[in-house]
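Asker: Once you've looked at the hints, dock chains B and C against the given chain A.
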Amino acid sequence: MLLYILKRVFQGFITVWFIATATFFAMHNVPGDPLTNDRAMTETTRANLEAKYGLDEPVSTQYLIFLRNLARGDFGISFVQENREVNDIIREHFPVSAILGVLSVVFAATGGVLFGALTALYRNRLPDYLIMFLVILGISVPSFVVAALSQLSLVSLNTLLGFTVLPVAGWGTVMHMLMPALVLGLSTMAYLTRLMRSSMLEVTSSDYVRTAKSKGVPPTRIFTRHQLRNAILPVVTVLGPAIAAITTGGFVVELVFAIPGLGRYFVEAVQQLDYTVIMGTTVFYGAFLVFMVILVDVVYGFVDPRVSLDA
Amino acid sequence: MNEISASSFEPLSGQQQSQVIARPSLSYWQDAWNRLQTNKRALVSLYIVIGLLLFTLVGPLIWPVDPAMQDIDQISQPPGADRTAIIVPDYEPWFGTPGRPDSGLQLAEKATSQAVRLQWEILDGASGHRVYRNLFPIGPELSYGIPIAEFLNNDTLYFEDRLDLQPGRFYYVVVALDGRGLITDRYQSIPVDIERVTTLVEASERGLIENADSMEIGDEVALALHPLGTDYLGRDLLARLMAGARVSLFIGIGAPFLFVLFGVVYGSFAGFMGGRVDQFMMRFADFVVALPFLLFMILFKIAFGIGPGESGVFPMMVAMVVLLWPATARLVRGQILQIREQGFISAAQLLGASTPYLIMRHMIPNTLGVVLVTVTFAIPSAIFTEAFLSFIGMGVAPPTPSWGSMSNEGIKTMLTTPHELFFPALFISATVLAFNLLGDGLRDALDARMRSAE
Amino acid sequence: MTANKEDTNVRPSLLIVEDLQVEFDTYGGTVQAVRGVNFSVDQGQTLAIVGESGCGKSVTVQSIMGLIPAPPGRIIAGSARLRGHEILGRKTVGGGEIRGAEIGMIFQDPMTSLNPTMKIGDQIAEPLKVHRGYSARNASLEAVRLLELSRIPEASKRARQYPFEFSGGMLQRAMIAMALSCKPSILIADEPTTALDVTIQAQILDLMLELQKETGMAIILITHDLGVVARMADEVAVMYAGKIVEYGSANDIFYRSAHPYTVGLKEAMPTNDPARQHELKPISGSPPDLFAPPAGCGYCSRCPYAMQICSESPPQNNGLHDHHSASCWLHHPRSGIKPDTLFFGDAL
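Line by line, the protein sequences give chains A, B and C.
Per the numbering used here, the first sequence starts with residue 1, numbered consecutively.
Per the numbering used here, the second sequence starts with residue 1001, numbered consecutively.
Per the numbering used here, the third sequence starts with residue 2001, numbered consecutively.
Think of the hints as simulated: they come from the structure by calculation, not from any bench.
Because the structure is a prediction, the values reported are computed rather than measured.
Warning: the hint list may mix true and false statements.
[To be verified] Residues from chain A that keep clear of chain C, each with C-beta distances beyond 12 Å, as calculated: (1) GLU43; (2) ALA212; (3) PHE288.
[To be verified] Okay, the calculated beta carbon distance ranges per label pair: (4) A:VAL238 x B:PHE1136: 42 to 48 Å; (5) B:GLN1342 x A:PRO305: 30 to 36 Å; (6) A:TYR129 x B:SER1354: 51 to 57 Å; (7) C:VAL2198 x B:GLN1342: 37 to 43 Å; (8) A:TYR129 x B:GLU1109: 55 to 61 Å.
C-beta atoms are modelled at their ideal positions from N, C-alpha and C, and glycine is treated no differently.
Pulled out of the complex, with its shape left as it was, chain A reads as follows (with noise of 0.2 Å):
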């Protein structure tokens, strides 16, 4: 048990290795160099902020201390607003998409298995139908269009009922989280709600469902202690990759509902080519994210008595 967890961290690092090593050699073939910007510098200045960088060093060596400082947990210094760590930015902007990923995940993971398993109980009537249409339109509307949509939506409920409902954007109460962890998680929401639907009709037709009724076990008690407990299982083993698409689908809604999450902070550092933060960034959610599944995994254990954590 133990064992297996540390088996699964030690192989978590070595991926994290990979990806930091796969974003430094990614950012160094980019064109053109991080100093190359408006500003005229001359030549003692740009040898003096190369030095600072190391730039002026060989790849190898740059990627020894890009390395080292990566151990040490040192993302270095952003380029476009110098003197600020790069640490200093995950620290404040990360916390933000943190609570609005959770929420979200939780969202789309209740709303997920309570759908679809409303689905499956009321298979071809009209509470299915209901449902798959919307879960037919989570899947295949894009989030930023929903997003738009929301917040359109919004605006219209605040001039109609006079007040504000809901904040239209923006960050810091409770309030302002609900509308975009909503519209985060609705996506991943209606794709498990899709599996949930149909891991719930596989255990509906199984053995041990039909043993239950022979056993007299009245519906209700069915339900809770045979269905929905093994349907859930799947849904479980997903949760990991949904985890990472909501926490990359926060990009968009951090945008469109003005967020300050580190998403955004991502977003615009790219397009600044800010390239200590875009990497420090990408390093740091590609660990959030290789630790998140790990996570998944031994809940996972937890929940599948089948499942036996040995190494």
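Answerer: For chains B and C alone, kept in the frame of chain A given last:
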């Protein structure tokens, strides 16, 4: 009970006894096609996909409008045909019409897309006025709109608006300013309906009329036709949707095709080799899977860089292929390993089948179904990815249209001209939906084991 | 069969099934899975229903238990009376639940028939909580006792394990413990040993017999294995294409087979009695399409004795003696065949 005759108890002749299996035998693909045809949703999706391909390939022949051409007369026009403009005299400067109007804010003459001319009386206690233009009536929050002019004395009581006038309804507001030039809560407002006009010179310059002599002031001329309206630069939306479809579908279909192909080769090689090679190859695939996809799409996009005049389509395809092949590789490898263990492979080997024969005759046909389903499901996600990246400005570079970049532009004018967002979003959604449903149908049709319970 | 019931039975049978007919709606049309089945079971007796796959034997017992999914399934006619009370389409009889309390059931594949995420003990305790109002504590104590009764060693430890930690034979024992938890008067065993090793099969069958002696329950045993029938059954019903074609005591069926299908089954079965060694003979052809059942006898196209009439009208049920009866035109008085040459027992 029927009457029983003596002959009833005669033994049956052999021929009557023999059993005939009446059902015709079907090949795998025939059977799959039959099953797909009974699936209404999948069939409709297939027609939609064919329709989209026709729209992309044949569309530009039927509607040969240049997607980059700007129609300055019609900017951000909603869908519709039969748009006309009335010919008016050339523009002449205006400095208020003498003879004050009796009351309040009013139009000095008919409002046209050439100019809106307003006049008003001094508002109560005003020592100056500010003019606003808005697309909406003044709400309870007293949102006046955009300030377009300010007069810090009461000498000028007229204003001519010529800024970016479009046919439609605008709301003009005149607000009283106090002595220090700050706005007060006294205002007057009128709705103004603007009519589209053009001059003879303009009309002949743009080729709307052939012979300027035959036209007179007050005549109507027909404007260029834009069935789905125009965007914020006056470009024809239908033509842009077709051009955008070319880019979006090229990426959306081309990239999955390439990375699935690579995945198939990689996976079947690993599965076939087995042992250390397989282990190493699959471990590498695991690493690539762990790369955060969208972040690396963006990274690669910067890394490959795009020069001026390039569209960025090619780097995006490369990035997708580089990042997305492992899923297919894993799947195909699993299939190959599974098939290798099956009885019919041993049987074929016992009959003396060579390895190439085994691959061609057994391995590939047996993985083809799974691969086809994978491609079908990869297409909508590739289209989504293109749209997503173009939306955050990391995808196809303007002016190359793609549905994603068109949505990105459309979202800025969402409140005033929603059709600029609606049409590209509709095309993205319809395409994604069609491919998803088609994929469901194919999966059900091709492999009963993968049959979803839906 | 029921026709003989009046003159032989002193007390009415525990369960009497009459003219049961079940249909299923499918893509291809309506399948007439069960086409008028009659049988009865007495207390302490074992009735075996024998037949090949798809002959409707499982559907028959599942309709009695109300386990036919509807739609697509549909019971279109018939009755099943437990101690004289109708139970078809009902959940309770005389204030008691039928499923789990009056009738217990075990299934073919114990590996998939138990909930993979629920502890064995909890699954056994569940009917006790539901039907008998046991507290959680008492129910789990009783579950352990039932596991011991089913000859499972270390029962209290095993009760806390999950199905994947059990072997197939152990799981079937647990299934039996579960089915018998509320002391039902009938145990329905739907191919209980098909998925098990031969050695385990014997143990499971012995367990069922022992428990039957202890509790006096009736057993309805569904199987396609004549060896199992020989070991277990008092009475046997041979089913073919949705109908019972021959019905009688185990001795009748094995030594005085009256239907060509029964004979065919026997010829297809190996024997370890050197006196009866014979070449194994498969029954050629396949069962009729139940989407459109044949006008005459369902076995007609495979029957070596088939006559003109067999393809035209369905055979009547002919009582032979005592409980023994068969649906075959050969037994018709006008068939011209002497009754004593009809019993195929000596032919082998």
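Asker: Against each hint, give a clear statement of whether it holds in the structure.
Answerer: We went through each hint and held it up to the structure:
| no. | hint | verdict |
| --- | --- | --- |
| 1 | GLU43 | 70 Å, holds |
| 2 | ALA212 | 7 Å, violated |
| 3 | PHE288 | 30 Å, holds |
| 4 | A:VAL238 x B:PHE1136: 42 to 48 Å | 44 Å, holds |
| 5 | B:GLN1342 x A:PRO305: 30 to 36 Å | 31 Å, holds |
| 6 | A:TYR129 x B:SER1354: 51 to 57 Å | 53 Å, holds |
| 7 | C:VAL2198 x B:GLN1342: 37 to 43 Å | 27 Å, violated |
| 8 | A:TYR129 x B:GLU1109: 55 to 61 Å | 57 Å, holds |
Checked against the numbered hints above, the structure violates hints 2 and 7; every other hint is satisfied.
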